[in-house]
Each structure stands twice: as C-alpha cells, then as structure tokens.
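Protein sequence lines correspond, in order, to chains B and F.
Quick note: the working numbering has the first sequence finishing at residue 212, numbered continuously throughout.
Quick note: the working numbering has the second sequence finishing at residue 259, numbered continuously throughout.
Hints should not be assumed to be uniformly reliable.
[Stated by the list, open to error] Stretch-level coverage of chain F by chain B, calculated; a stretch enters the list once three of its residues show a Cβ under 8 Å from a Cβ in chain B:
| # | segment |
| --- | --- |
| 1 | 72-81 |
| 2 | 89-99 |
[What the hints assert, rightly or not] Not the full set, but computed from the structure, chain F residues with beta-carbon under 10 Å of chain B:
| # | residue |
| --- | --- |
| 3 | W109 |
| 4 | T133 |
| 5 | F141 |
| 6 | C151 |
| 7 | T226 |
| 8 | L244 |
| 9 | L245 |
| 10 | M247 |
These are computed hints drawn from the structure, not numbers from a lab.
Here the structure is a predicted model, which is why all the values come from computation and not from measurement.
For every residue, glycine included, the Cβ atom is placed at its ideal position computed from N, Cα and C.
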Amino acid sequence: MHDGAALHFEESEVFAVAFALLAAGAVILTLNVLLLGGHIIFFQSLSLLGYCLFPLDVGALICMMENNVILKMIVVCVTLAWSSWAAYPFMSSAVNLSRKALALYPVFLMYVSVGFLTIAID
Amino acid sequence: MDESSYWNLPSSHLLGSVPAVVNEESEASYGRRGGGVRGYQTLGPPSEGFEQQSQNNWKGVFSISSYTQYFDVDTDVVVNRLISSFYPAGGDFFNKIGANPDLYGLIWITTTLVFMLAAFGNCATYLIQKRTDRTTTWSFDVGYVNAAACGIYGYSLVVPVAFYFLLRYLGSNASLIRFWCMWGYSLSIFIPTAFLLLIPVEILRWIIILVAGTASSCFVTLNLTSYIGGSNDLRMMMIAAFLLQMALAIFIKVWFFP
C-alpha cells in the first residue's frame with residue numbers, strides 16, 4: 091500500500107498528466123474516427139478539438155478564482171456541456187449514423203476528465 | 002475520382018464552415034463498404050492499397066486501413082457485447098463475437114476504467130479519511146493516475162498475450178484478437194463497481210469488490226473453457242485466469258479504495 095508520505099501533489103506531475111491527456115487525446119480521438127471507417131481530415135480534427143476545449147479553459151479560469159466546491163461543479167458542468175455541444179456536429183457528421191455514439195463517447199470522456207482535473211486540483 | 006483531384010478540391014465555399022469532407026465525395030463514399038480507405042493514409046492510387054493488403058508484409062503496419070477490420074462494429078453491437086459481459090453465466094461470448102472481434106471495447110473500456118479508478122479512488126480515499134479524522138482536507142494524488150494506467154493497461158494487454166502464447170505452445174488454437182476482445186469486455190463490470198465503491202463503509206466495499214471480481218472471473222473462465230474445449234491439461238490455465246482476474250479485483254480495492 092502507499093507509504094506514509096505518498097500522498098504527493100507535485101505540480102510538474104499534474105502538468106504532465108494534463109498535457110499528455112490533451113495531446114494524446116486529440117490524436118487518439120482522430121484515429122478512433124478513422125478506424126471506425128469515418129471520413130475526417132487529421133489536422134482539421136486536431137485543431138477543432140483544440141478549439142472546442144476553449145469553454146473548459148474559461149471554466150478552469152473561473153474555478154481558479156473560486157473556492158466553493160459546489161460552484162466549481164456547476165461551472166464545470168456548464169462549460170463541459172458547452173464544449174461537448176461544440177464538438178458534437180463535427181464528430182457526428184464524420185462517421186456513419188450507426189456508429190455516431192462510438193465516435194462521440196471518447197470525446198465526452200476526454201472533456202469529462204479535463205473537467206474533473208479542473209475541480210480536483212486546487 | 003483519381004488522386005489528382007485530391008489536390009484541387011473546390012474549397013472557397015467552405016470558408017467559415019466546418020464540413021468534414023466535400024459534399025459530393027462524402028455521398029459517394031458512404032455507399033461503399035470499403036470506404037475506410039479514403040480516410041487518411043496513402044495518397045497513391047487505390048489499387049496500391051489492395052496490393053498492400055494481399056502482400057502481408059510490414060507495409061501494412063503503418064496504414065490505417067489494415068486496422069479498420071478490428072473496429073468494424075456499430076453502436077448496438079458494442080452495447081450488446083457490453084450487456085452480455087455483465088452476466089457471467091453462459092460461456093457464449095466467443096460465439097457472439099463470431100467472425101468480428103473488435104478492439105474498440107478493449108481500448109475504451111480500459112481507458113474509462115483508468116479514469117474512473119483515478120477519479121473515484123481519490124474521492125473514496127478522501128471520504129474514508131474524513132470518517133476517521135474530521136480535519137482532513139481534499140488533496141488529489143496524481144500517483145493514482147499513474148498506477149491506474151500502468152495496472153489496467155498492463156493487465157489487459159499482457160495477460161491475453163501470455164495466454165495466447167501458452168495455448169499456442171500447448172497446441173490448441175487461439176486467436177490473440179479474440180482474447181484481447183474478451184478480456185477487454187470482462188473489465189467492463191469494474192466501471193460501475195468503481196462508482197459503488199465510493200460508499201465509505203468498509204465491509205460493504207469488500208462485499209462489492211468480491212462480487213464484482215467473482216462475476217468478472219467467472220466470465221473469463223467460462224468463456225475460455227468453452228472456447229478451448231475443456232480438457233484436463235488446460236484446467237490449470239482456467240484456474241490461472243480466474244485467479245488473475247480476482248487478483249486484479251483485490252488490487253483495485255486495496256490500492257485505490259483503501
């Protein structure tokens with residue numbers, strides 16, 4: 091099990107996790123669409139997923155200045171819905187109708203994990 | 002459409018809009034079964050793609066089209082396989098897969114599980130510490146992400162490979178993709194389990210994880226038995242599979258939900 095001093099919170103590790111999540115996540119999401127037989131242009135998808143992250147950025151900025159957990163949760167939920175709504179038309183039009191949910195779920199998962207990191211790190 | 006027109010796609014009408022493809026190309030391509038080739042890879046003539054696939058050399062490793070066969074599933078197929086993985090009885094998972102094993106389940110179930118363990122593990126650790134010591138404050142242990150990723154990805158990638166090689170060595174037929182598919186879906190029961198383990202009652206947590214671990218292990222063992230054909234030599238394999246899955250369940254409880 092963990093030793094006594096193991097509950098560590100290193101900023102560099104948090105940064106590494108966030109950066110790896112977003113960078114690898116965008117590439118993997120695009121590959122996911124391509125593997126499901128969808129039609130997508132690689133760099134267009136990368137740039138679009140990056141831009142759709144903007145509402146969560148705004149949410150993270152707001153959360154940085156807040157201390158109340160309930161308020162943070164509300165802000166993150168709103169911005170998460172906004173980001174997902176922004177990425178939805180692009181992703182869903184890139185694949186077959188019968189595989190739409192398969193292409194959209196990983197996008198949602200990535201944004202949820204970014205949202206969770208926003209709330210969890212304080 | 003030959004490849005020279007790829008470079009002169011009319012695009013002035015696309016300024017400001019975000020379509021995935023040019024309209025006429027997308028309507029023509031959706032009808033075709035092998036439309037996945039058009040996604041993004043070789044810019045050579047289409048016949049070169051078909052020759053590559055029949056040559057079976059290393060050129061196929063770097064093109065997407067050689068992997069699309071493992072992702073040829075629809076939403077309802079994936080949901081069907083997920084639901085069937087929750088019921089350990091009846092070892093017919095390999096029949097259900099049939100000729101169409103998919104790696105989509107493996108990749109995204111393991112990724113979801115890694116996220117759930119890291120997130121809910123932190124929440125649950127905080128909740129149980131709060132019960133014993135009222136003054137603890139929330140702190141996010143990033144090491145959980147590391148441990149979850151290494152543990153779950155490592156287990157779900159290495160264990161099927163090990164069984165594949167062992168069973169091949171012992172002479173029975175085994176298919177690596179099917180093993181990866183089955184072990185991937187067997188982990189899906191741990192996702193709602195991770196959510197349920199938030200309850201900060203220790204005895205309840207142990208009951209939950211033991212039930213989930215048993216269900217998952219039975220799923221793996223029954224399907225493995227029905228696929229290989231039960232014979233006495235391979236009984237050790239089945240027991241090993243059962244114990245490994247139980248060990249994973251115990252590891253999840255002990256490391257992430259102490």
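Hint check, L245 of chain F versus chain B [nearest Cβ-Cβ separation less than 10 Å]: 20 Å, violated
Restraint outcome when L244 of chain F is required to lie within 10 Å of chain B by C-beta distance: 21 Å, violated
Residue hint M247 of chain F, partner chain B, criterion CB-CB below 10 Å: 18 Å, violated
Chain B contact restraint for T133 of chain F - C-beta distance below 10 Å: Not OK, violated: T133 of chain F not within 10 Å of chain B, min 15 Å.
Given coverage of the segment 89-99 of chain F by chain B, tested with a Cβ cutoff of 8 Å and a minimum of 3 residues: violated (count 0)
When the least beta-carbon distance from W109 of chain F to chain B is tested against 10 Å, hint result: Since the shortest Cβ distance to chain B is 6 Å, the answer is holds.
Restraint satisfaction for T226 of chain F [CB to CB of chain B, less than 10 Å]: Cβ of T226 of chain F sits 30 Å from chain B, so the hint is violated.
Hint validity - F141 of chain F Cβ closer than 10 Å to any chain B Cβ: 4 Å, holds
Chain B over the segment 72-81 of chain F, status - at least 3 residues with CB closer than 8 Å: holds (count 7)
Hint status (Cβ of C151 of chain F to nearest Cβ of chain B, threshold 10 Å): Nearest chain B Cβ about 13 Å off; hint violated.
The earlier numbered hints that this structure contradicts are 2, 4, 6, 7, 8, 9, 10.
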